[in-house]
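2 protein chains.
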Amino acid sequence: MRVFIAGIDGYLGWALAQYLAARGHEIAGADLFLRRRWVEEMNSWSATPIRPMEERLRAFKERFGKEILFKRGDLRDYEFVENFFREFQPEAIVHFGEMPSAPYSMIDVDHCVFTQTNNIVGTLNILYAMKTVCPEAHLVKLGTMGEYGTPNIDIPEGFFEIEYRGRKDVLPFPRQAGSWYHWSKVHDSNNIMFACRIWGLRSTDIMQGVVFGTRIDEMGDDERLLTRFDFDQCFGTAVNRFCAQAVIGHPLTPFGKGHQKRGFLPLRDSMQCLTIAIENPPKEGEYRVFNQFQEVYTVYELAEKVQKVANELGFNAVIQPIENPRKELEEHYYNPDHRHLLDLGYQPTTDVESELRVMLQDLMKYRDRIEAKKDVILPDVRWDGTRRKSQFLVPTQAS
Amino acid sequence: MRVFIAGIDGYLGWALAQYLAARGHEIAGADLFLRRRWVEEMNSWSATPIRPMEERLRAFKERFGKEILFKRGDLRDYEFVENFFREFQPEAIVHFGEMPSAPYSMIDVDHCVFTQTNNIVGTLNILYAMKTVCPEAHLVKLGTMGEYGTPNIDIPEGFFEIEYRGRKDVLPFPRQAGSWYHWSKVHDSNNIMFACRIWGLRSTDIMQGVVFGTRIDEMGDDERLLTRFDFDQCFGTAVNRFCAQAVIGHPLTPFGKGHQKRGFLPLRDSMQCLTIAIENPPKEGEYRVFNQFQEVYTVYELAEKVQKVANELGFNAVIQPIENPRKELEEHYYNPDHRHLLDLGYQPTTDVESELRVMLQDLMKYRDRIEAKKDVILPDVRWDGTRRKSQFLVPTQAS
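These protein sequence lines are chains A and B, in that order.
To convert, note that position 336 of the first sequence is 321 in this note's numbering; the numbers rise steadily by one, no gaps.
To convert, note that position 391 of the second sequence is 376 in this note's numbering; the numbers rise steadily by one, no gaps.
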């Protein structure tokens, strides 16, 4: 299948290109390399050294025996998107080309406005270019479980049937996102749902949980094929950040009580799920939502898993909660459905500890790179608009 | 009270400035005069001749004995908004400064992207400027009943308590908007709800029905104080368009069956309701939603009311439905709540026919201006992205 990946230089994009190529798909991709710049803006870098795209592309060709059709370009430039689609004629479009960080979007008005306009305009341009060039193609859009927030009822996959004052309807599930970034994804979801309804486009909107992992098997041992691994306050996600902390002997720092529940999944499961979506497209006009995660854990539970595995490997990891810079519930009900992908054949990685062991071993190699930037790990971007480093809370033995 | 009106040169903005001034409020306002340009882009003009702002401001001062603090500027320019708030220190901010047309947003990718970025960025800038300068102020935001679409259940005012799989929560009511413009208002609503939650701002989000009318009493007989009255396919709304058609002997043209139900209200009721919201602000951190309309009618019913009043005035109005350029349900359940404003003292205009009589008499005076632009009345912007004039359907006697 011809698969176009927007944001192919990123954490998920670069891994997916390889996962799909290994399964025989033909890959094209675009990137403006903004992720590299944003992480620099945070005074950080990827723990894994990231090569220039030309070198990545050469290594890709050596390993998979075929080329990626790559172009540097901006999704906010409609002509760029339309012309690329005309040339490549994608059958599936995987859209990772967005600003993906909640804290980054909360820095100030400029970062807020940039996040929402960048994400919304890129998605609108893709929708119009699909309508114009390839209306039969399938848009696989990366959303986030964070679109739903933490309601006090079960979270279905996008839609639910409800009875209200004696009448019934199937409606979009209400969203209660927790940052300007998360809201930008809600705005995207709404726009995509509408484009499917009026133009008959087809899309899978992926409400993905928090991804962790350093590798997928398809990368082999070629360091040039490694994907990026961020650990700074903005672009590092919870489990990845805990692993980076563990290898440099920094305390693992859940936010507040750490009882926040989230769906999590290893990078390899993310690749498996996205591929299932791509290879099983929806029908014309269908807008479907997949909740994509392996299992729900509290943030504290995952810190404890990282601690356990790290200590087995000879580290001396401690957990020290810090002030929560976000405004979020730390105690809440959380029970999201995730049947759709399982029904299509998703086999979850049940051995999370083995995955963490691989990660910690991979990161050992890049310990100096993490150590050199360790000041960027603790957050200072706060949801009230100020910037002040979170302090350690009195260490607690939360469960 | 010091009231800032964004979009003060528009249909609602110019009327509200006068309504509030007559009640003793102090008014400031901003406008970039984009509405004048958009209507020109549609090859149209306001039926009522609109004066340059300097002349409007002079007439305002003569009538109300006080000045409007007016600045020409762009809400997408954060510095402009923050500096204006610093100077005026608003207690209420009424936000009309958005692109308000569904068909205009559906013309092509450029109009779609413009609509969403213009509306979203202006609102985000206002929220940040409020947070920075006047966090106690009250944001009265103009949304639209069109945010909800036409679900098969009752429509509450913004939020509803539901039971789902045996658990209960109060959640935002799901939105199912029908154009890029309507979705931009949903995106705004979501952003505003979030700002109130994290920063403690207070806001009333007005889900307004379709407004009709040429005047409010406060304008007196000074033609310089008249508000604009659009009748083109993009900026003219249903009842206003029917009245413009009636005075030039053009058939009244509901879209399709005309059984679409909507909430409607006269301009004077809109002013009354907005003033009630302004004078009864929510508490700190409260985000409340008012469904603002006088009554629900089908589009066809209102065409019939216009026909009846027009014929009493000696016109010979006929109703001739045209192809519906939109993608919308023409037969549907519709039962939105509208208790909040009534509870705060809203007295609806029950005599819609008297209101239509005033409108038709006012428009008689500007018959030549409507006649000169009558080619712009029938729509050609279609929801499928093409442009083709809607044709008359076989005349029917729908009820």
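Misleading hints may appear alongside valid ones.
Identical copies go unnamed one by one, so any copy, or any two together, can satisfy a pair.
[Said to hold, decoys possible] Derived lysine-lysine pairs resembling DSS-like cross-links, with alpha carbons at most 27 Å apart:
id, residue 1, residue 2
1, Lys312, Lys242
2, Lys153, Lys359
3, Lys312, Lys290
4, Lys312, Lys153
5, Lys358, Lys374
6, Lys246, Lys46
7, Lys242, Lys56
8, Lys246, Lys116
Simulated from the structure, these hints should not be mistaken for lab results.
- [ ] Using 27 Å as the alpha carbon limit, work out where Lys246 and Lys116 are close: within a copy, between copies, both or neither.
- [x] neither (38 Å within a copy, 30 Å between copies)
Task: Copy assignment of Lys312 with Lys290, given that the CA separation must stay at most 27 Å - done: Intra 25 Å, inter 52 Å, cutoff 27 Å: intra-copy only.
Open item on the list: Regarding Lys312 and Lys242, is the shortest C-alpha distance of 27 Å or less found within a copy, between copies, in both, or in neither?
Closed with: within (13 Å within a copy, 49 Å between copies)
TODO: Check Lys246 against Lys46 for me: Cα-Cα at most 27 Å, and say if that holds within a copy, between copies, both or neither.
DONE: neither (41 Å within a copy, 59 Å between copies)
Open item on the list: Regarding Lys242 and Lys56, is the shortest C-alpha distance of 27 Å or less found within a copy, between copies, in both, or in neither?
Closed with: Answer is neither: 44 Å inside a copy and 49 Å across each miss the 27 Å cutoff.
- [ ] With 27 Å as the alpha-carbon cut-off, assign the pair Lys358 and Lys374 to within, between, both or neither.
- [x] Within. Shortest intra-copy distance 15 Å satisfies the 27 Å Cα cut-off; inter-copy 62 Å does not.
Open item on the list: As a check of your reading, is Lys153 near Lys359 (CA-CA no more than 27 Å) within one copy, between copies, both or neither?
Closed with: neither (53 Å within a copy, 44 Å between copies)
- [ ] Check Lys312 against Lys153 for me: Cα-Cα at most 27 Å, and say if that holds within a copy, between copies, both or neither.
- [x] between (34 Å within a copy, 23 Å between copies)
In the structure shown, a violation is registered for the earlier hints numbered 2, 6, 7, 8, in ascending order.
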